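As you go down the protein sequences, you meet chains A and Y in turn.
Going by the numbering used here, the first residue of the first sequence is number 1, and it counts up by one from there.
Going by the numbering used here, the first residue of the second sequence is number 1001, and it counts up by one from there.
Some hints could be false.
Claimed, not checked - For the chain Y half of the interface with chain A, some residues (derived, Cβ under 10 Å), not all of them:
| id | residue |
| --- | --- |
| 1 | Val1034 |
| 2 | Gln1038 |
| 3 | Val1225 |
| 4 | Ile1242 |
| 5 | Ala1243 |
| 6 | Gly1258 |
| 7 | Leu1263 |
| 8 | Glu1267 |
If you're looking for bench data, these hints aren't it; they were derived computationally from the structure.
All figures in this text were calculated on a predicted structure; none of them were measured in a lab.
Each residue gets a CB set at the ideal place from its N, CA and C atoms; glycine is no exception.
Number of protein chains: 2
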Amino acid sequence: MEIPQNECIVLAARPSGLPEAACWRLECRDVPPVIPGQVLVEVDTISIDPAMRAWMDEFCYLGCVELNQPMWAFGIGRVVDSASPDFEPGDTVRGLLGVQRYSLIAGDELETLEISDEPHSWHLGIFGMPGLTGYFGMTDLVQPRPGQQVLVSTAAGAVGSVVAQLAKRAGARVVGIAGGTDKNRFCLDELGLDACVDYKAANYEQNLAAALPDGVDIYFDNVGVPTLDMALRLMNECGTVIACGAINQFQHMDRVEGPTEYLKIPERKLSFLGFTCFHYLERFHEGVTALRALVERGELVFKEDIAIGLANFPEHFLKQFTGQNQGKLILKP
Amino acid sequence: MEIPQNECIVLAARPSGLPEAACWRLECRDVPPVIPGQVLVEVDTISIDPAMRAWMDEFCYLGCVELNQPMWAFGIGRVVDSASPDFEPGDTVRGLLGVQRYSLIAGDELETLEISDEPHSWHLGIFGMPGLTGYFGMTDLVQPRPGQQVLVSTAAGAVGSVVAQLAKRAGARVVGIAGGTDKNRFCLDELGLDACVDYKAANYEQNLAAALPDGVDIYFDNVGVPTLDMALRLMNECGTVIACGAINQFQHMDRVEGPTEYLKIPERKLSFLGFTCFHYLERFHEGVTALRALVERGELVFKEDIAIGLANFPEHFLKQFTGQNQGKLILKP
Chain A
1 MEIPQNECIV LAARPSGLPE AACWRLECRD VPPVIPGQVL VEVDTISIDP AMRAWMDEFC
61 YLGCVELNQP MWAFGIGRVV DSASPDFEPG DTVRGLLGVQ RYSLIAGDEL ETLEISDEPH
121 SWHLGIFGMP GLTGYFGMTD LVQPRPGQQV LVSTAAGAVG SVVAQLAKRA GARVVGIAGG
181 TDKNRFCLDE LGLDACVDYK AANYEQNLAA ALPDGVDIYF DNVGVPTLDM ALRLMNECGT
241 VIACGAINQF QHMDRVEGPT EYLKIPERKL SFLGFTCFHY LERFHEGVTA LRALVERGEL
301 VFKEDIAIGL ANFPEHFLKQ FTGQNQGKLI LKP
Chain Y
1001 MEIPQNECIV LAARPSGLPE AACWRLECRD VPPVIPGQVL VEVDTISIDP AMRAWMDEFC
1061 YLGCVELNQP MWAFGIGRVV DSASPDFEPG DTVRGLLGVQ RYSLIAGDEL ETLEISDEPH
1121 SWHLGIFGMP GLTGYFGMTD LVQPRPGQQV LVSTAAGAVG SVVAQLAKRA GARVVGIAGG
1181 TDKNRFCLDE LGLDACVDYK AANYEQNLAA ALPDGVDIYF DNVGVPTLDM ALRLMNECGT
1241 VIACGAINQF QHMDRVEGPT EYLKIPERKL SFLGFTCFHY LERFHEGVTA LRALVERGEL
1301 VFKEDIAIGL ANFPEHFLKQ FTGQNQGKLI LKP
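Taking the hints into account, I'd like the entire structure generated from these sequences.
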């Protein structure tokens, strides 16, 4: 078969702080021949996630990308050539396909996706890492109860919006944190949260405390310090803090800020529980089934922010660090 | 009845860093008359604990002591006068009696102690806060299992030595951290730990890693950063970190250092659980009974470091911050 050249976004320079456009270079490269065990995938949908920022540094959070190599990203595509017994041309697969048009990847790093007629992008969002992170966080790590006060950072985001909605369904009072009027409106009007606090507004911490007169029983942290410290100050005795990452910290993994309020953990008998959705790999099917049922009944709202063309990757990627994304960030190459 | 003047140690100045002798003043004060609800106690045994350092600052960890007021401390004494229906002269009581000879205190802040023929000091150590902290930490918050790797900071100390011995009894491999040759010898020879690492020796972190070739499943933290960060780097997937305080941090509660390695918590699905023994107030009797059985069978080793005379308080208190104490610090006024 005839394969055109691969177009890919390579990491041209490591960032300091915000990952500006100068970090990236769009390149054309030959696709090497498929060797035994490998699969060639034509990528059709690329996921843009906060953890990718950490992969750009030399300091590793589940590894790091080498300079002048294609940027890592989760994605979905169609098998076009296979030297693995597990895959055939035409299969729809998901894996760390990278920010590129073609991905040559070991078969054992891929999974076959069973897709109904929903868009592929849903399997990178609501049925993918972010949705599953929210699902296992709110069903396995902690189970919110009616009357509890649940606080969720990045409440308009891909993970936070699922966390917040599942906590609401469980009967808790849910307060979100989001940046800007539009996202705050989305949280209140579309997700149905009880309150939402704008972290970009003046008096952020006072507003947070005012929205939580009965303190916090469960805090779901996606951002890290300083919000993590503010939440620790508001935690009720025997409360639970859950962390699956920290977008504020991914920008400087060489000098992560630890929560200086962590002594609230012994003082108030808190549990600080961490996880990533990869700790639940063997339960993904259960998670997707549960989320699909909610989506089909119209009981789970989610938004996507889709860009088209690899050349738009740098700008689209940057949105999540300035809070300008309007939903789960997706790139079509 | 005739009460002599009260001798007490007052907080003369707030410390910066080490709590030097200049922070304290020995004073004589009149004992005011007992008003309804109050009890007058003649103190016979005073507990010296790390958390007292935090109480010296204006930044509160369970409150703070006012300048020129008697220093807080847990202690045991004998009721000499009572205007509370719950106490009679001659009762042996425990409470926040302060670093002084006589304590005038509300009856509802006291508990009656049932003492056999053991020394009162045991009820401030092995049967008191430190022993109970170790007991509930290792039986309620986490239950070590055979084959697990347990790491304990301040392993020669009042809390750590109980934690380490209970983990050994549960069948775990236990590695201690202690300062200096004597304490390391004590941990190996008398507590029976599998290994002990000297935090004052060169190459501390390398030695720690070398003592834990299979990583750490349970880490009991009494110290905070930097040891907490070192332990986080060594934690195994799904491990548990327990914290009940942090002696390194109690010296500067206005600028506590947070653990910069806290993102290991999500990365490795760790649980970071906090508590103080006061969260188990209603289970103290159970804890003391269990600890007493072990002590009576000679299966729980503990050491006390007792000084006599209020004038020796400043020097005795300082020992726990320089690591010079040889067991639970006790002062007889």
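Index of numbered hints that the structure contradicts, given in increasing order
1, 2
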